[in-house]
Each structure stands twice: as structure tokens, then as C-alpha cells.
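*Asks:* Sequence:
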Amino acid sequence: MTEHTRRRLNFLMLGHSPDGATGWPHPATITVHPRGETTLINFSMGPHIANVGGQVPITRVIHDGELNETFAEEFDACEARWLVPHLARLAAGENLTEDDLTLAYEARFGRRPKTETSTDITF
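Residue numbering for the sequence shown follows this note's numbering, beginning at 1351 and increasing consecutively.
To be clear, the hints were calculated from the coordinates, so they are not data collected in a lab.
The structure displayed is predicted, hence computed values, not measured ones.
A virtual CB, placed ideally from N, CA and C, is assigned to each residue, including glycine.
Each hint should be verified, as a subset may be incorrect.
Said to hold, decoys possible - The calculated label-pair distances, taken between Cβ atoms and stated as ranges, are:
{"no.": "1", "residue 1": "Arg1431", "residue 2": "Glu1456", "range": "15 to 25 Å"}
{"no.": "2", "residue 1": "Thr1409", "residue 2": "Gly1460", "range": "27 to 37 Å"}
{"no.": "3", "residue 1": "Arg1357", "residue 2": "Thr1447", "range": "15 to 25 Å"}
{"no.": "4", "residue 1": "Thr1409", "residue 2": "Arg1357", "range": "13 to 23 Å"}
{"no.": "5", "residue 1": "His1376", "residue 2": "Asn1445", "range": "15 to 25 Å"}
{"no.": "6", "residue 1": "Thr1467", "residue 2": "Val1402", "range": "18 to 28 Å"}
{"no.": "7", "residue 1": "Asn1445", "residue 2": "Gly1396", "range": "15 to 25 Å"}
{"no.": "8", "residue 1": "Arg1356", "residue 2": "Gly1460", "range": "26 to 36 Å"}
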């Protein structure tokens, strides 16, 4: 598949570092495009000018219903451990929708999550 035919997808920003986070000197985000066991997760770390990140399939982040501790730093920086049970359900093939994840985020933070668009680069 060529670069020109890659689809743009909507991702929910479900994890983000708090302003002034102690011990975490720069912004970090976790965004999710839910689609069951083929869910995609984007990680972004650092200020815009020096940002690093990547996109991984959910099966690299969740193993046997638990967070792969390789990603612990990102989840801790974004205060996103609350998200792991939802990701585990997706990794198990459950059909959690964007609306389901939005409601879970709203229940925790009192507002809708931001969204961003990204390309599926995992193939």
C-alpha cells in the first residue's frame, strides 16, 4: 500500500500528562483508535519541536489482560492506568466503541476527550 492510500483515522486522547506534572518534564499523550483486537494506540512524548512517539497495535501494549510494563513509563506519565481494563477488553476482542471509551473518560474527568487524526502506519 502506498503512502497516498493510507487511511486517516480518528483517535481519542485518553491519556495526557497533567500540567506541571512532578517528575515528568514534558507533555505526553496516549491516543486510541478502538477497533477490537486490532485497536491502534499512539504514544507521543515531548514538546512539539522535539517530539517522539509511535503507533503500536494493542496486542503489544496489553498481554493476557495486563499492561506490558515496557509501556509503564508512558502510562504513568499520562496518569492512564485507569485505561488498562478498557484496553484489555479491546485486546480480548470486545467491541468497545468510541462512544464507550468517551463515556468512560467523561465519567473520570468530567469532559469529553480531545480527538486527533492519524494515519494507520502499522501495516
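*Asks:* All hints are to be evaluated individually against the structure, with a verdict given for each.
*Replies:* Okay, the hints, checked on the actual structure:
The supplied range of 15 to 25 Å is met by Arg1431 and Glu1456, whose beta-carbon atoms lie about 18 Å from each other. Between Thr1409 and Gly1460 the beta carbons are some 31 Å apart, a value that agrees with the proposed interval 27 to 37 Å. At roughly 18 Å, the beta carbons of Arg1357 and Thr1447 sit within the given window of 15 to 25 Å. Remark: the range hint 13 to 23 Å for Thr1409 to Arg1357 is upheld by a beta-carbon distance near 20 Å.
Between His1376 and Asn1445 the beta carbons are some 35 Å apart, a value that contradicts the proposed interval 15 to 25 Å. The given range of 18 to 28 Å is respected by Thr1467 and Val1402, whose C-beta atoms sit roughly 19 Å from each other. Against the hinted window of 15 to 25 Å, the Cβ-Cβ separation of Asn1445 and Gly1396 comes to about 34 Å, which falls outside the hint. Evaluation of the 26 to 36 Å hint for Arg1356 and Gly1460 yields a pass: the beta carbon distance comes to about 35 Å.
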